[in-house]
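Colleague: Residues per chain, in single letters:
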Amino acid sequence: MRQKWIYVLLGLAAVLLIRNLYVILYVLPDEKEQGPIYRVIFFHLPAFFTAGLCYMAALLASLHTLLRQSSRADALAVAATEVGLAFAAVNLITGMIWARIIWGIWWTWDARLTWALICWLIYAGYLMLRHAIEDPTQRARHSAVLNVFAFAAVIITWKAIEWWRTQHPGPVLSIRGARGAMDPAMESMIYQNWLALLLLGAVLVALRLDQERVQREVEALRRQAHAKA
Amino acid sequence: MVREILVVASKDLRTELRTKESINASLSFALTVLLLFSFAFDPTAEQVRQISGGLLWLVFAFAGALVLNRSFARERDNDCLEALVASPLPAWALFLGKCLANLVLLVAIELVCLPVFGVFYNVNWARRPLPLLAVLVLATWGMTVLGTTFSALTVNLRLRELMLPVLLYPMIIPVLIAAIELTTTLVAGEPLQAEQWVWVRLLVAFDIIFTSLAVAFAETVLIS
Amino acid sequence: MEERNIAFMFYALAIAWGLLFGYLATLAARQRRLQRELDNLRKIVQSQQEAP
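Chains as they are written, first to last, in my numbering: chain A, 1 to 229; chain B, 1 to 224; chain C, 1 to 52.
If you are wondering where the hints come from, they were derived from the structure by calculation, not from laboratory data.
No false leads were slipped in.
Covered stretches of chain C (chain A as the covering partner; in silico rule of three or more C-beta atoms under 8 Å from a C-beta of chain A):
#1 3-10
#2 13-25
#3 29-41
The following residues of chain A were derived to be distant from chain C, with all beta-carbon distances above 12 Å:
#4 VAL27
#5 GLY52
#6 ARG68
#7 ARG72
#8 TRP107
#9 THR108
#10 ARG112
#11 MET128
#12 GLN138
#13 PHE151
FRET-style restraints, in silico, Cβ to Cβ:
#14 A:ARG223 / B:GLU195: 57 to 63 Å
#15 A:LYS159 / B:PHE39: 34 to 40 Å
#16 B:ARG3 / C:ASP39: 58 to 64 Å
#17 C:ASP39 / A:LEU12: 26 to 32 Å
#18 A:SER70 / B:GLU219: 16 to 22 Å
#19 A:TRP106 / B:THR19: 46 to 52 Å
What you are looking at is a predicted structure, and each value in this text was computed from that prediction instead of being measured.
By construction, the Cβ of each residue, glycine as well, lies at the ideal position given by its N, Cα and C atoms.
For reference, chain A alone in the conformation it holds in the complex (with noise of 0.2 Å):
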């Protein structure tokens, strides 16, 4: 029943992006200042969403595994943060390249390059601990005591680093105040992509989440069959 509904969502997403893309390169326009190469910024703004909400979302998951021990959250946790991680490594890269284009460099370290670079790090981070711990319980308490730390550092590294120095141009959306500095057209486009990508991080994080079940009984498992022998 759950496969199903899995599919479902994907054929869904899967739709939306195909179409998000065509309307992408052959109806709007290209941007007079930028050229094509700003269409980048309809995969780096929603990546950068997602893997927000991913990041979130796992912050409060971690919460109720240490406050109701439940290794269903703390199984969101990680497929969360992985799912977070894979959507930021699309938000960085294609950066990259607009950069390259528009700056003429692939890196500068500027406060919302960095700070990203150092999210990313820090999540990394919190993956391998999980990977090293054994035993289970441990590996829950312990990874979601760290996944509140890493979002406390992730907040303060943002002002820290906001002091420090910034390039990177300012909100374009209307939401965040901007009104006018971007075609309604195009902002529009933004919002629908953000959703064909958040149907795809929906998919990917239910799919990381059954992994974690079938890993949970396949260790069950062997103990048990540890345990006869």
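The hints should help you fit chains B and C onto chain A, whose structure is shown.
Modeller: For chains B and C alone, kept in the frame of chain A given last:
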């Protein structure tokens, strides 16, 4: 409560002073890195003035990880950690005691490194000793609180010596940025500019936030 | 310059798609491997239970 924290801290310091295992390793490592930097960059006096904070804090961060790694690993022999957890001490007192011991050790190492840095790089570093000491303590506390927590998280892992730096360094970047900015100014003998107070506030905020988080989760981390 | 602009746009979009669907593919592969392992273990446990 203060007494309990001090008991744990003095116990840790005494064991460390008897064996000197992490202090010796950490100090010689720090001095080697200081030496290597001068080969790698061969800086002029003006360059030293600009990079002093960065150089010192990289050394402190590397040396710090060595000390922090041992903080809980030391208790593995003879199941000392189980005994400590089973003692009537509350978990957070045990944790803060260990933090305090690590803070003292790290600041001591830093205070040895500074004159050596001054000699090797021809810098009169002690022109503003008290503000510099305050920055050292504030920033080292931030590093210590996170490092001690992660030391407890990784103590039972096979890869603990590798895991601690991987977890610690990305998260203490705000502390390092602030400490580097402030130390560079103070070592050059200049007073803090008005706009640099933001870094002092950052250090204080970081310390408060992570000390409260660490205290809140001390029991979860230690007892399981 | 204009050509490179277009080419880089294609690279960026391709990498965005490639990363996400590549991750999807690794997830699917891992899932199959785990399922196989689970089936194997079930068989082992079952045979253990049948034996005295």
